[in-house]
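Q: Listed below, chain by chain, are the residues.
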Amino acid sequence: MANDNSSDGSPKRSRLMGIFWSLLFLAVPVLGVAVFIVAPWYDIWLPKDVSEHGKAIDGLFMFILALTGVVFIATEVLLFWFLWKYDAASATGPAKYIHGSHAVEVIWTIIPAATLLFLAIYQMNTWADVKMRRPAMAASVEVVGRQFEWRLRYPGRDGTLGTPDDLFLVNDLHVPADEDFLVQLKSMDVLHSFFIPNLRIKQDAVPGMKIPVWFKATENGEYDIVCAELCGWGHYKMKGRVTVESRADFERWLEKMYAQQEATQPEPLSGSDGAAVALTQ
Amino acid sequence: MSTATASTTLSTDRVGQSLPPARKARPVAEFLSTYVFSKDHKVIGLQFLFSTLLWFLVGGLLALAVRWQVAWPWSDVPVLGKLFAQQGGQMAPEFYTMLFTMHATVMIFLVIIPILAGAFGNFLIPLMIGADDMAFPTLNMLSYWFMWPAFFAFGASFFVEGGAASSGWTSYPPLSTNVASSPGAGMGQTLWLVGLTLVGVSSMLGSVNYMTTIILMRAPGMTMFRLPMTIWAMFITAILQAFALPVLTAAGFMQLTDRTLGTGFFSPEGNIVNNAMQATGGGQPLLWQHLFWFYSHPAVYIMILPAMGMVSDIMTTFARKPLFGYRPMVYSIAGIAGLGFIVWGHHMFISGMNPALGITFMVSTMMIALPSAVKTFNWLGTIWGGRIQFTTAMLFALSFVSMFIIGGLSGIFMAATPVDIFIHDTYFIVAHFHYVLFAGTAMGVWAGIYYWFPKMFGRTMNEFWGKVHFFLTFIFLNGTFFTMHILGAVGFPRRLADAYHYETFHHLQPLNAFMTYCAIGMVATQIIFAINFFWSMFNGPIAGRNPWNANTLEWTAPSPPGHGNFDFQPVVYRGPYEYSVPGVEKDHLMQTDPPNAAEAAAAAAAHG
Amino acid sequence: MNATASAIPHDDHHDHGGAHDSHGDHGHHGPVLQYQPGLPLTRGKLIMWLFLSTEIMFFAALLGSYVVLRFGAPVWPKPHHVHLSEPIGAFNTFVLICSSVTIVLALEAAKANKQSLAKLWMVLTLVLGVLFLGVKGYEYSAKFSHGIYPWSPRSRVFEKPDLYYGSAVRARLGEPEIIDRLKALDETAETELSAEQVSARRRLQQVRQMVVSPDQQPFDLAVIADQVMPLPTEAAAGEHGGHAMGLNDIFPWLKLPAVIPGGTMWASTYFLLTGFHAIHVLVGLIVFAILLMYRLGPKRAGMIENAGLYWHFVDLVWIFLFPLLYLF
Ligand code: HEA
Ligand code: HEA
Ligand code: CUA
Ligand SMILES: [Cu+2]
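Residue numbers (numbering that gives the first Met the number 0), protein chains in the order written: chain A, 0 to 280; chain B, 0 to 607; chain C, 0 to 327.
Calculated directly from the structure, the hints in this document are not laboratory data. Just so you know, not all the hints are guaranteed correct.
DSSO-like mimics (lysine-lysine), calculated; alpha carbons at most 27 Å apart, straight line [said to hold, decoys possible]:
| # | chain 1 | residue 1 | chain 2 | residue 2 |
| --- | --- | --- | --- | --- |
| 1 | A | LYS54 | A | LYS238 |
| 2 | A | LYS84 | A | LYS95 |
| 3 | C | LYS110 | C | LYS182 |
| 4 | A | LYS209 | A | LYS238 |
| 5 | A | LYS84 | A | LYS54 |
| 6 | A | LYS238 | B | LYS585 |
| 7 | A | LYS95 | B | LYS585 |
| 8 | C | LYS159 | A | LYS209 |
| 9 | C | LYS298 | C | LYS44 |
| 10 | A | LYS54 | A | LYS95 |
| 11 | A | LYS236 | B | LYS466 |
| 12 | C | LYS110 | C | LYS298 |
One chain only, chain A, in its complex shape (with noise of 0.2 Å):
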């Protein structure tokens, strides 16, 4: 059969031109395996996690990643070898003339459904536990999103949000460690999202709700709050910090914090949310 070669418009293709394309090709999965290898060397990879719910995400997007991973570089792959295989300049004779095949749709339609239907069922566990089996137990601290800056608010001794032994901070969170730890969440402006991404936790704080958060941080150390929800030209630098320590620590910052909270403002606030302090200020 005709085998068209002046089709597209040059005379004469080499069999050089089909192996450099479909090399570039096969550089898709080569490199990009090789990118997601490296990073991790170079410190590019998911950050310390340090909370007790992290593993299961961790592990989830392992998971993820291993089984992409194997689709991508199978399909790739293929692509090369039919990019290859079936160059023109090479191939002899005609083209396969075939206009599908009924058992292989069904094949590969099947086999991927099971595969997310797998997926989809496997990680709702996870999902349920970090953010629809909340811990009952009253909010350990209150945070409220403002242009540009988190406004927390611990109950105090009395462990009761919204009296006056309330303790009144900005941007520095205390977290006790293993302990399960419950933020009552809410906005005053605009949408923020609280991100802490060693805890693995991330929940939009949009106002006129209060959304409860919780997690259990079981390493000491001090990592970075960030704003991940665009909420004006300050977005970038909503910074905050949140530092995890024993429970004794906790209690001997919570009482340092209290005292200075007095000596400053000898007034308590009054008012019975967030909104209403602001507006007294």
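Let chain A serve as the given structure and place chains B and C with the ligands on it in line with the hints.
A: The following block gives chains B and C with the ligands in isolation, referenced to the frame of chain A:
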């Protein structure tokens, strides 16, 4: 039968009659009606093409400015610094927010959507189905001219007080509705909404017109299941547009009244911005997100389905092989479109939406990968056993497949709700959508341009420089965007003017600098494309009717086709992908080629 | 020519409202094309159906938002509290349904080539449409006169009797126009007023004192709010369209800010939904007016039918809006 035979065989073999008839000097009015206010779908398509390419350049330059700030925050910006930014050439953080907002707005609403539906849809639909024009040419013309006020609205927004819209292309309230909350939330945001509505009107006019045309104006014999994939994709895209867009229009109006009249659809009660209590309230910020994504998720498929269709056609032509699984390909497009309506919540997993609802959206999102899987495998099936010709168009089409796999697979990470907790609003997302949008769709668009250029202008583009363009774009784009995945894995947040003051991210600057170098290279590479494009328009080799030996109807018309498209009555006898048919002398049977002896005998037998 | 091709009716090529007018200018290079039969619809009708489906989505979004906002709101005002009158709404529904009938009659007449009859029905449709808008306008003005606007600086609706409310009342009482009228009211002899007005005047004076010198008086904003516009109670249900007479009802020029819990959002959605509906009615009326300039014979039947389709759709939207806004 015999007349049809005569006319079709005649038409396919005519070459070199592509030059438009010599023109006498014409009065201005004639010029205007032919080239400016033309109702000819081809002229309108090209008008769309030129406008969108111009905006592509604008969007690309905005992207460079974004990249500059991400790589070297607070350093003097070359060129642009003198034009816009304050503080002695360095970029102000609010200016950065405007940059990425307008980058995304331009790319999505003024480039990708109009280039696919407006440019290719307009140019190709009547030609590929055998019609002389769209069903409603005046409406068609209007759909282009509605773009201009939108161009002005978006363009002007940079120069109004407070600057352009700066709440992201998603424009989440209250940031976008509350004028006090950010500088760009003033006039710039209002212009943004106006522009968006106008683009919406344009798309709407286009989409109902396309559907009507495809349903009622197919050539005799062109049944729905003989339509090329491009047309199927355009058809289903039009349906998506028609059903999803009005929702965004309604939401846009609501946001507009929130901003101008002071209604409170999206502002909650007791909102305090800049220490000032807002008077209205009672609304729900999440409502906007639901309405916005109800449109904008289907919109991402609006932005890729036409490219998928075009790539399918181009790949069959240059593999000289029938499309593998034509019907599954059609059904999977329909499946993507249908499922596309019930997955919008995957953008809102951590927005404060009920987490139980998140689970249902997660499952539907997983399922939408299925039709995409079917498409991917069928493309691979198509080149399997083919006779591949590495033309520029083919290379771009192949890279579409290769890149779409990457973009699609990263979608699976985000569809998994627990993983999305970590990667939401990080560069992992940015990597994902640039792979599907730029590495996917834009590569598909280039494939389409190189492939249909001969039909548009009667001349072929330079193949050598086309391949250079492809090679460099391919390298640079992967350099820019692939690395974003690992940035995202660190949690590097998007939309940050400067992230290096965070301990977690400060070691990522060199990587970002590398990406910016690649981005600069990528934009610079487009100079090759621009020169090739304009040079070939006037100096490229004359193409003839069917330079690629393709099967579909547009290749039976002259290049470029005259007014009314066809100089004969096209009659269709077969599907669009009859390449390498055994027992046939040519390696391809065009849709208009009358049945050969064997087929005729079979048909006669069937009819008894 | 091939059998399939010759079987194709060559009817609807120039049947789409003059949209093809540019073709004459340059002339076809090729033949007039024939097409595969698609749906048994003309182009005009098909595109009208498609256009209407986009409209359905548009109103679905608005209605959906209404439902979300309404059921997400902690309180929602009763119709009477925001001066909505079911009988008027029901009357308007009836008007619109009638107009849907008359447009059908116009179409039938046009098909039968009874041109003047068609014109008559068309005029009637137009009149009914205008009547609908008139009633709508009357309803709007009733809202405005009670200070219910969809936009905030003008709206006199407050969610709760808080400090903002108090200062708004004070501001209103301090406007020069009001001061004059209050003075006039104070000086009016009791005999010229009804018993109701006399007692209202006394209540108003108390409110003014409370607002003007809050330190000396028990300053209870809730009391003021209740005087301006009492919340509806079961007992008062019969009285004045469901709620007891407030100061604003007795002295309509007073226009004091009122407390209507959920009222702001109610006003936003009410004006949004009815406003967009009214715009659609208006567009329909313009189309009818244009149609009236032509002879309404069988040649125009297609256009009348399309306009009618659109009109039925507008009607249908109202049939959803009426119960949602007035009855529930
Ligand atoms: C053309 C555009 C396009 C396309 C086609 C897609 C396709 C997909 N997208 Fe993407 N998406 C965007 C554009 C697009 N997206 C944009 C612009 C955003 C960000 C908006 C913003 O916030 O600004 C976004 C964001 C986005 C999110 C939100 C992330 C977040 O903000 O937290 C999610 C979450 O689920 C998601 C998922 C998916 C999925 C599952 C697909 C699937 O359709 C992909 C399916 C394809 C494949 C899976 C590959 C091929 C299949 C195989 C090779 C078979 C085998 C595979 C398996 C068995 C796994 N996308
Ligand atoms: C179709 C969509 C599209 C396209 C094509 C691109 C293209 C590019 N994008 Fe963009 N981008 C988005 C859609 C797109 N982007 C969206 C939706 C966002 C999110 C915004 C938000 O958060 O709200 C975003 C955000 C975004 C960010 C994140 C900003 C942040 O969150 O802080 C970055 C950063 O690197 C970036 C970079 C780039 C780069 C380098 C390109 C390059 O690929 C650009 C390359 C440009 C060219 C190559 C120009 C080519 C010119 C021609 C071809 C013209 C030739 C001319 C003639 C013939 C006349 N983009
Ligand atoms: Cu707060 Cu971003
Ligand atoms: Cu999506």
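Q: Work down the list of hints and note, for each, if the structure agrees.
A: Quick rundown of the hints versus the structure:
1. LYS54/A to LYS238/A: Given pair LYS54/A, LYS238/A holds - Cα atoms ~25 Å apart, limit 27 Å.
2. LYS84/A to LYS95/A: Distance ~13 Å between LYS84/A and LYS95/A Cα, so the pair holds.
3. LYS110/C to LYS182/C: 67 Å, violated
4. LYS209/A to LYS238/A: 21 Å, holds
5. LYS84/A to LYS54/A: It is violated: about 44 Å lies between the C-alpha atoms, which goes past 27 Å.
6. LYS238/A to LYS585/B: 68 Å, violated
7. LYS95/A to LYS585/B: Holds - the C-alpha atoms of LYS585/B and LYS95/A are around 15 Å apart, at most 27 Å.
8. LYS159/C to LYS209/A: 21 Å, holds
9. LYS298/C to LYS44/C: 14 Å, holds
10. LYS54/A to LYS95/A: It is violated: about 49 Å lies between the C-alpha atoms, which goes past 27 Å.
11. LYS236/A to LYS466/B: 44 Å, violated
12. LYS110/C to LYS298/C: Status holds; Cα separation ~8 Å.
In summary, the structure is inconsistent with hints 3, 5, 6, 10, 11 from the numbered list given earlier, while agreeing with the others.
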